[in-house]
Amino acid sequence: GNSVTQMEGPVTLSEEAFLTINCTYTATGYPSLFWYVQYPGEGLQLLLKATKADDKGSNKGFEATYRKETTSFHLEKGSVQVSDSAVYFCALSEGNNDMRFGAGTRLTVKP
Amino acid sequence: DAGVIQSPRHEVTEMGQEVTLRCKPISGHDYLFWYRQTMMRGLELLIYFNNNVPIDDSGMPEDRFSAKMPNASFSTLKIQPSEPRDSAVYFCASRRQGANYGYTFGSGTRLTVV
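Residue numbers (our numbering), protein chains in the order written: chain V, 6 to 116; chain W, -1 to 112.
Possibly wrong hints are sitting among the right ones.
[Unchecked claim] To give a feel for the contact side, a few chain W residues facing chain V, derived at Cβ under 10 Å:
#1 40
#2 41
#3 48
#4 54
#5 72
#6 98
#7 100
#8 108
In case anyone wonders, no lab produced these hints; they're calculated from the structure. Values in this document were obtained by computation on a predicted structure and should not be read as measured data. The beta-carbon is built from N, C-alpha and C at its ideal position, and this holds for glycine as well.
Using the sequences and the hints given, assemble the complete structure.
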C-alpha cells in the first residue's frame, strides 16, 4: 500500500542555517504530495503541495520538488528562523483514499 | 471561513466517564477525518466519513469508541467508558473531494483521563 518515510528527528539548527528534511514515498499510482507543519499546541497546517511529477511547491520560503524518479519530496529552506521551530509532516494522497502521513520530524532552531 | 472548529479545546475527565468530542467541518468539504495524536504512537487515523457516511473505521481502537456524522456540518467522537490510556490530542480534519486537496485540521481537543 501507499506509505511515506521521512527522516527521523529531532533536527537542531542555528538560525540562518540551511534546512533539508528528507521524505520518500511508496505509491501504486500518481499521488499528490504534501508537507504539513504543526506548531506547539496547534493542529497541522498545510505548508505546501505538489500534484504531479516535477512540480515544485513553495510557501514561506520553504520548497519541495516532486521527484518521481527517486520517489522523493524533500523539504528545503535556505535560511531558517527561530519561528520555524515546529514538527513537519510529509504526506501522500491518492484517489479518494485517506492521506498517509509520515511520522513527523521535529525541528528546533536556536538563535 | 472559520476553518474546522473543534470543541472543547481541553477536557479532563475521570476514568469510566463518557466523553464527547465535537467537530464542525468546513462548509462544502465532503470528507471528515478523526485522528488521535500521542507521543508514543504519533498521528493515528481513527475513522473517516464521505458525505456523512463512515467509510473506514478500522482505526477505532475498540468498541468504547464511536463516531457519528448526522449531517454535513457536525460530527462527534464518543468514548464510553473512558480510560487513562485514551489521553491524547484528538484532531478533526476535513477536505474537498479529490486527492489534490489538502486537509484542513482543527485545533484539536486535548483529552486527559485521570
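These are the hints, each one checked on the structure:
no.	hint	result
1	40	holds (5 Å)
2	41	holds (5 Å)
3	48	holds (7 Å)
4	54	holds (7 Å)
5	72	violated (18 Å)
6	98	holds (5 Å)
7	100	holds (4 Å)
8	108	holds (9 Å)
Consistency with the previously given hints fails for number 5 only.
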